[in-house]
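Chemist: Listed here are the chains, written in short residue letters.
2 protein chains.
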Amino acid sequence: MEIITGGVTAAKGFKAAAAAAEIKYKGRTDMAMVYSEVPCVAAGTFTTNVVKAAPVKWDQNVIYNHPSAQAVICNSGIANACTGAEGYGYCKATADAASEILGIPADSVLVASTGVIGMQIPIDRIVNGVKAMAPKLDGSLEAGTEAAKAIMTTDTVKKEVAVQIEIGGKTVTVGGMCKGSGMIHPNMCTMLGFVTTDAAISKEMLQKALSANIKDTFNMVSVDGDTSTNDTVLLLANGMAGNFEITEEGADFDKFMEALNYINTCLSKKIAGDGEGATALFEVKIVGAKTKEDAVTLSKSVVTSSLTKAAIYGHDANWGRILCAMGYSGVQFDPEKVDLYFESRAGKLKIIENGVSTGYDEAEATRILSEDEVTAIADVKMGDAKATAWGCDLTYDYVKINADYRS
Amino acid sequence: MEIITGGVTAAKGFKAAAAAAEIKYKGRTDMAMVYSEVPCVAAGTFTTNVVKAAPVKWDQNVIYNHPSAQAVICNSGIANACTGAEGYGYCKATADAASEILGIPADSVLVASTGVIGMQIPIDRIVNGVKAMAPKLDGSLEAGTEAAKAIMTTDTVKKEVAVQIEIGGKTVTVGGMCKGSGMIHPNMCTMLGFVTTDAAISKEMLQKALSANIKDTFNMVSVDGDTSTNDTVLLLANGMAGNFEITEEGADFDKFMEALNYINTCLSKKIAGDGEGATALFEVKIVGAKTKEDAVTLSKSVVTSSLTKAAIYGHDANWGRILCAMGYSGVQFDPEKVDLYFESRAGKLKIIENGVSTGYDEAEATRILSEDEVTAIADVKMGDAKATAWGCDLTYDYVKINADYRS
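Protein sequence lines correspond, in order, to chains A and B. Going by the numbering used here, the first sequence opens with residue 1, and the numbers climb by one from there. Going by the numbering used here, the second sequence opens with residue 1, and the numbers climb by one from there.
Excised from the complex, chain A in its bound form (with noise of 0.2 Å):
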């Protein structure tokens, strides 16, 4: 696998735009379209959320119910959540725009929105952007960038990423963008995530890939413990790599999961370490853990540990807090096994060993937790599940941005 520049436009066949639509945001632009070639296969994982947006809903639609997908329209601003049927009509009201200037199929058109809740968009000037957007779509890594900025909100960098492996004496490309960086806690999917890739694969086989990895990626990411009304994942394929379709678990199945995993990993981490007003990436290894659910569970709670977040922040090698978030999980262990050690670019400290301190250099533990990715590795000893979640520091911005983010 070899990673290489690029986002939702470095694999075959897939064309990118942005438009200032002024949506909410001013000087800056605010749409997205990614568009295929030819149709694709598409995959999609979404909020759990029972408050779900209107484009949530209309994905589920075209993902579970339509054979191929060719474009999104992704808007900035606004996220169309709690509002009702109207807001429902302002998706099909997009798509059929789309269909009519990419002369595609209105139900081959996903949507998606970030944004505040409960505010309708102006649909007139959804409908300038796809027209705006329609004539400029364009192959480039640039434009890919283009649409990676225009999804953004309080996000502070651009996310994107791509790979290419090899399938069958073909060069498979698997590119993604998303976007955070608050109401991230995904039960299912994270905020915005858009993958493509120019792989054969069935539909079937692509779903699946996307919903086994999204557990060990974008599921294992919290900024703030808030599950948004938005989260969606989409992924989609369109064939042009000309590798033997892939249409069941083997080799070459495998070979596209590893590629899929790294890029969604990297984009998980890239929301993570841009969550809203973070300083530092927080990650929370879970080893020796009796299952995999225990490990996941133990990692989540600590990574959601406001009061751990606040340490993190301050530097502080506040273990207690972390076994403390640990215990109140509902995972079973005995916190008098549990060994934890805090790692980073400037080194790995054995904290506490059998639930007690080790009595380390305070000094030492603070240089580690300066750096701008921190680790914490507890081992409980009870087996050999493990497990990665990744969080962000609670920082004065967060509230900050938080206080006041509608005005």
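Keep in mind the hints are simulated off the structure, nothing from the lab. Because the structure is a prediction, the values reported are computed rather than measured. The beta carbon of each residue, even a glycine, is placed where N, CA and C say it ideally should be. Do not take every clue at face value.
[As the list claims (entries may be wrong)] Capping the alpha-carbon separation at 20 Å, the derived lysine to any residue pairs in SDA-like fashion look like this:
#1 381(A) to 349(A)
#2 350(B) to 84(A)
#3 337(B) to 48(A)
#4 57(A) to 350(B)
#5 215(A) to 350(B)
#6 285(A) to 345(A)
[What the hints assert, rightly or not] Label pairs and their calculated CB-CB ranges:
#7 216(A) to 1(B): 35 to 41 Å
#8 373(B) to 211(A): 54 to 60 Å
#9 346(B) to 103(A): 43 to 49 Å
#10 362(A) to 373(B): 53 to 59 Å
#11 373(A) to 86(B): 24 to 30 Å
#12 245(B) to 216(A): 35 to 41 Å
#13 211(A) to 1(B): 42 to 48 Å
#14 249(A) to 358(B): 51 to 57 Å
With the hints as your guide, set chain B onto chain A.
Modeler: Chain B only, in chain A's frame:
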């Protein structure tokens, strides 16, 4: 029921004292002793965290295995959690010291600690503190207040309350004190709460009263979603009111429950309103739920949502976050039937009706949300069950307090 001035010394026969033992803090009191002239029946509820502090284990033994208790020794500054066998030994040493100077059995001494996890307590200073407090024990209300002050950590105000009821022609007093204000998300009970009463009541009925009431009071508080290792509520009844002993359910038990409920509700709201860094008490009422369990889950999901809490801090009627938090709670309901209100001293406003905005006046909403006690009321229109949860806003100061709590 009459609300009176006082706390743990309001009921007959209860005395208290405080000491500056320099366990971690300097220049303030950090130990409290509560003592009854005669042995009490005692009830307790404790943290559900797998990681239980040494004093929790000590007290569980006293409450579950011994018929009576007569004194409580509490220190702030160090939590005596994650301290292994050494830490448990210090609980015994504390009880032994109190036993000797008070002339009561060591297994009738309850202990409680709050503060930093993972440090050993300086047992010599604790013992000195016990010796200093015993001769100062006093039944005045002021002595109760001194005790309430000594157990504070990041609390900004002392928390105490007392009421009187009449049972069988006798005046019965119930009083209590507690401390917050971080790592507050009780699964079983909250940080530290001490309630004393001169009611005559059997140990069985006392525990029954506490266990039942805790679900609607302390367990409905969340400051930050972190369930502490030390959560403890202790309830001591010494029988000195002279009422006919309550040994079964009935009118007398109901009266006692009413008083206990008032005390615990009041203390719970004090903890929430004085949450670390908080500027407002945030109350969430769910009505019209299908089951009580649903109502509890929904209200706790809203009150723990970081995004909602930050919006409350910003006096921002960002109702989408409330609906979102209800949506990811795991409870099934129809978002398109929900009505939501904001209420405070400044008025009451319907914000959404049947899941969409009422087109309310934002300035009016902000005015309502600018009070220091604000309530969100959501009607899910599925039944008659309801629940109330208490939390607080998420502020810069929460981050500040917890980024450098240990330093």
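Chemist: Against this structure, judge whether each hint is valid.
Modeler: Tested hints:
1. 381(A) to 349(A): Within the cut-off at roughly 18 Å; holds.
2. 350(B) to 84(A): Roughly 18 Å between the alpha carbons, so the hint for residue 350(B) and residue 84(A) holds.
3. 337(B) to 48(A): 19 Å, holds
4. 57(A) to 350(B): It is violated: about 27 Å lies between the C-alpha atoms, which goes past 20 Å.
5. 215(A) to 350(B): 39 Å, violated
6. 285(A) to 345(A): This hinted pair holds, its Cα atoms lying about 16 Å apart.
7. 216(A) to 1(B): 35 to 41 Å: 56 Å, violated
8. 373(B) to 211(A): 54 to 60 Å: Between residue 373(B) and residue 211(A), where Cβ atoms are some 45 Å apart, the hint is violated.
9. 346(B) to 103(A): 43 to 49 Å: The hint (43 to 49 Å, Cβ to Cβ) is violated, given that residue 346(B) and residue 103(A) are roughly 56 Å apart.
10. 362(A) to 373(B): 53 to 59 Å: For residue 373(B) against residue 362(A), whose Cβ atoms are near 40 Å apart, the range 53 to 59 Å is violated.
11. 373(A) to 86(B): 24 to 30 Å: 35 Å, violated
12. 245(B) to 216(A): 35 to 41 Å: 59 Å, violated
13. 211(A) to 1(B): 42 to 48 Å: 57 Å Cβ-Cβ, so the 42 to 48 Å window is violated.
14. 249(A) to 358(B): 51 to 57 Å: 52 Å, holds
Violation of the numbered hints given earlier is confined to hints 4, 5, 7, 8, 9, 10, 11, 12 and 13; the remaining hints are satisfied by the structure.
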